[in-house]
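Engineer: Listed below, chain by chain, are the residues.
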Amino acid sequence: MIAMGLLSLPNQISAVGYSQWWLPILFGIIANITIIPMIWISSKYKDHDLFKIHEILFGRYVGKGINVLLIMVAILLMAATIERYLEMIQVVALPYRTLTGPLIIFMIVAVLIAKGGIKSVARFCIITFFLTGPLVYFLKWGIAEGEITHLLPLFNFTGKEFLEATKQGYSTIVGYELLLFYFPHIIHQKKVFMHASLGIWITITFYTAVSIVSVMHFSVWQLENLLYPVLNLFKYVELSFIEKVDTLGITFWVFLILSSVSAYLWVLKEGIDSLRSKTHAIHLYVVAVVIALVVYIPFSQGLEEMIYGKVFYFSYALILWPNLLCLLEIIKSRKKERSQ
Amino acid sequence: MKRTRGFLLVICILCSGCVGRNEAQPSLEELAMVGVISFDYIDDSSMNITVIAPQPSPDAKEHTQSYTVVASMVEEGLVQVSAKSDRMINLSQLRVALFSEEFARKGKMLDVVEYFYREADVRETVRVGIVKGNAGEVLTGEYPDKPNTNVYLNNLLEPTLFTSFSPFTDLHIFMADAKNPILSQTVPYLEIKDELPEITKIALFNGNHMLDTLNQEDGKIIQALSGIKKIAPTVINLSEEEEVVLEFINSKVKYKSNNNLDSPKVSIKLTLDSALGEYRGPNKLATDNDLNKLQKDIEKKMEESIHELIDKLKKYKVDPIGLFEPLRMKYHGKWTEEMTAQLLEKAEFEITVDVDIVNIGSLK
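Top to bottom, those sequences are chains A and B. Per my numbering, the very first residue in the first sequence carries number 3; after that it's consecutive. Per my numbering, the very first residue in the second sequence carries number 38; after that it's consecutive.
The following block holds chain B by itself, in its conformation from the complex:
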């Protein structure tokens, strides 16, 4: 008797899934899982929203569904998309959010990122990116040799060693840095080249507004100074006829400050264990002396480029690295954005780069 009752109960529970259509919780096939979303600037009160979602049905010719709507708010746009679409829009599979350069420069990006950050459905690891020109075109573009635009764009913004000059900012990092008085955020910057999107630069932000872009070399330095362990291989031009490619095995950065807010002095020590990838030039690299000389040259060159980068940042009055974290660590009281700006203006930097070539390959 007891067993029959238990059996009936189980049947009841299992069959409850078969009860008619439920508007609130549609089945998986009725959801359009948005993978990538993009925002383009129209004017101050409206924007172009483009979303793409994978099309699971094998009968469809295209594997990606895309929709574009004009809206003033994100949620409003999503409702419009749902009205256009045969399926219900769902953001829980969102991986990438792209913004046009104009959108970011007008200072509208933070609102949208904040909306996503607030939404419990959206993961925090959604990566953001800036697109030169029209961001929607990246989504609607045809990539015949790629399996699926959703997957392709996600993979493109996934960190790999060779693209690690770019910061790979996600929603959490964007919000954290934008609201952190000691830092400003950087975002990968994409350009469409030969009909394919490509991360070419990094976009520099000041709180809400995008300021300018920095090139890949600067991006690598920023990454190294922010304490990233693995940095992309770098080409270093020592002189006209001398050029070297370094692959980095490990990078370590150490900050020290004199703890003086009036005449701040920050010393940065960057230690790079590297492998010599390629070399072109007069140095024979036969003896230890030759290698030492090369190391010295590289160190000098890198110190120079770090100084150049810091001068550039001084011009923009932003600090994407967090150069003053050692001062904040010992400062009692509330740290403000103005303090960072003032410090950046006054600060003196003492930079030491220590390049150690540990490996030159298996050929003598």
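If we strip away everything but chain A, and leave its shape as in the complex, we get:
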């Protein structure tokens, strides 16, 4: 779940000004509610992922059509994430350099992780957690130069601002919908709800911490205008033995990006497997090359903004999608009962 989103989170929910710090908690609650239909529908089809469920519920052709759309959206989503990250790497760590090399190396690593299947992706996520979690320590410097009084008042915004912030900000926590795809691979399927909630709330803890520190540290103008407030928080760190912590932090961030990208890569591979009804390693490579190409093709800035901005709304749709599936499932089972 944590990838590029967290870096710009305080900026994306800045429409509500200083009141933003409790917004991640709200997001957490929404996320927690939306996983219920996901788990319900998945537990009805214990051995099938979402691609298969589509085919069962909608019939072969409509289901495959939906799957194609899903795959395309996921490719764009990944391209957006990778491109944003690489752009930032260029700004922070590798100025005056082209990004083809880093892009290729990045994709190779992501493919290698995804190649080992969901198990290796999960293991990588665990490493990521332990490697990047301690970065929270660097928030200390932000707190030292911050005003606790900024946290008040709590509800200083209009309804419109609130909607704007939610619309922009929720994109930072999408990613948990992948549960629909790897559910069949989970061993303790009964405990999924608890584990998933735990995962969500660990993430939300990080998000809330970052938001609170940002609110304390920055003025409203800065929150609205800094593209990556977390980067600026890194830049404020002063250690006697490391000069530029921001470079360190941003390069460590690659673990977070890699864990999201490799998870999506794996999902995409599964998707193409189910489309062609056979498993083949080459699917993974094709997907990786397509993503790299989308990143590499220089779209105009405006078009890029439009595509990448809009693509996140599709993931909102995907989060709400299981509700519809549940409805379909209920209708279908009723019909079955009646016919019997």
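Just so you know, the hints here were simulated from the structure itself, not pulled from any lab data. Yeah, the Cβ is synthetic: ideal placement off N, Cα and C, and Gly gets one too. Some clues are possibly wrong.
[As the list claims (entries may be wrong)] DSS-like cross-link-like pairs, simulated, lysine-lysine; straight-line CA separation at most 25 Å:
#	chain 1	residue 1	chain 2	residue 2
1	A	Lys121	A	Lys280
2	A	Lys48	A	Lys246
3	A	Lys169	B	Lys371
4	B	Lys383	B	Lys293
5	A	Lys142	A	Lys48
6	B	Lys367	B	Lys306
7	B	Lys238	B	Lys293
8	B	Lys302	B	Lys352
9	A	Lys117	A	Lys280
10	A	Lys48	A	Lys193
11	A	Lys334	A	Lys48
12	B	Lys291	B	Lys349
13	B	Lys333	B	Lys291
14	B	Lys367	A	Lys162
15	B	Lys238	B	Lys143
16	B	Lys289	A	Lys142
17	B	Lys289	B	Lys330
18	B	Lys333	B	Lys306
19	B	Lys291	B	Lys306
20	B	Lys216	A	Lys162
21	B	Lys330	A	Lys142
22	A	Lys54	A	Lys337
23	B	Lys266	A	Lys142
24	B	Lys330	B	Lys354
25	B	Lys371	A	Lys162
26	A	Lys142	B	Lys349
27	B	Lys267	A	Lys142
[Claimed, not checked] Interface residues of chain A toward chain B, partial, derived using beta-carbon atoms under 10 Å:
#	residue
28	Leu88
29	Met90
30	Val93
31	Leu153
32	Phe220
33	Glu240
Assemble the complex: chain A is given as a structure, and chain B must be docked to it using the hints.
Structural biologist: Relative to chain A, chain B alone:
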């Protein structure tokens, strides 16, 4: 076989560093790590930029390289400096940015600070300062008893207890305060005295423009009221023949407001735990009563000087302290700069200082 292959791979990776000269990423020796930069006003479209960078080569006679160019924009100036220099200019080691008083008064400082703030290379902890007269002279000046001008100027603007009357503004604080409707920024003000730069006052800003300077005593009060825990030792003149030096152990400030925007009233309570540093006067300080009397006198004197400072700020119509933060905390809606100015004009202040002398040294 596998081991040989791995070995070859490692060799390949290690040796890739030896491939020819790379213009985009020069080696460390080819970079001029600028430590201090200064800006002087020429006219509205041009400025004098001076940079100094340490000279690492032991063969050079001087340990500091300095360059001065005339430019209209910062980046343009840096390109010019690179052309003059034998090495490539790099800002990632920048520590101090100095501006001449004229430059700040003409309202050009914010643009430059914003440029640095935008630049990903530059750290946010770069300290800013205002120099009376020519800022470039501070950089090019000779300080024979100092190891290196870069280090010296950096240390000078590094916060220490005895200079904590000064705000030690860095890029982040400058930007945050300049764009914060409730506050205006203050910056340390340097003067060259006996050929050595020295922080003598603090410069008061209103958004973009420097307004005036405040003296060190006012600076200390501003720091204390902004909630800084450690304040520099202060000399307090109680009367002609009575004088006391206080060292502060801890300072605490509490704001309360009546939450009324039409007739605002802010009460400020400043609690100072202090140690008596030095005393000159008729009071024998032998009994608790004597000490209490001294405390009362000091409290009264400090309350007066806070009132004086606030009157001064009312005259300038700026608030570097954030006196109305308790009102903002409970205000629903957007806070604007005009509101702060209006409130400052109308507001009544109730000031209580509570000095507690906890320690008078180890002599009876």
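Engineer: Take the hints in turn and mark each one as holding or not.
Structural biologist: Going through the hints against the structure:
no. : hint                : result
1   : A:Lys121 - A:Lys280 : holds (20 Å)
2   : A:Lys48 - A:Lys246  : violated (49 Å)
3   : A:Lys169 - B:Lys371 : holds (21 Å)
4   : B:Lys383 - B:Lys293 : holds (16 Å)
5   : A:Lys142 - A:Lys48  : violated (45 Å)
6   : B:Lys367 - B:Lys306 : holds (19 Å)
7   : B:Lys238 - B:Lys293 : violated (29 Å)
8   : B:Lys302 - B:Lys352 : holds (18 Å)
9   : A:Lys117 - A:Lys280 : holds (16 Å)
10  : A:Lys48 - A:Lys193  : holds (13 Å)
11  : A:Lys334 - A:Lys48  : holds (17 Å)
12  : B:Lys291 - B:Lys349 : holds (21 Å)
13  : B:Lys333 - B:Lys291 : holds (20 Å)
14  : B:Lys367 - A:Lys162 : holds (21 Å)
15  : B:Lys238 - B:Lys143 : holds (19 Å)
16  : B:Lys289 - A:Lys142 : holds (21 Å)
17  : B:Lys289 - B:Lys330 : holds (22 Å)
18  : B:Lys333 - B:Lys306 : holds (15 Å)
19  : B:Lys291 - B:Lys306 : holds (5 Å)
20  : B:Lys216 - A:Lys162 : holds (24 Å)
21  : B:Lys330 - A:Lys142 : violated (42 Å)
22  : A:Lys54 - A:Lys337  : holds (21 Å)
23  : B:Lys266 - A:Lys142 : holds (17 Å)
24  : B:Lys330 - B:Lys354 : violated (36 Å)
25  : B:Lys371 - A:Lys162 : holds (14 Å)
26  : A:Lys142 - B:Lys349 : violated (36 Å)
27  : B:Lys267 - A:Lys142 : holds (19 Å)
28  : Leu88               : violated (14 Å)
29  : Met90               : holds (9 Å)
30  : Val93               : holds (5 Å)
31  : Leu153              : holds (9 Å)
32  : Phe220              : holds (6 Å)
33  : Glu240              : holds (6 Å)
When each numbered hint is compared with the structure, violations occur for hints 2, 5, 7, 21, 24, 26, 28.
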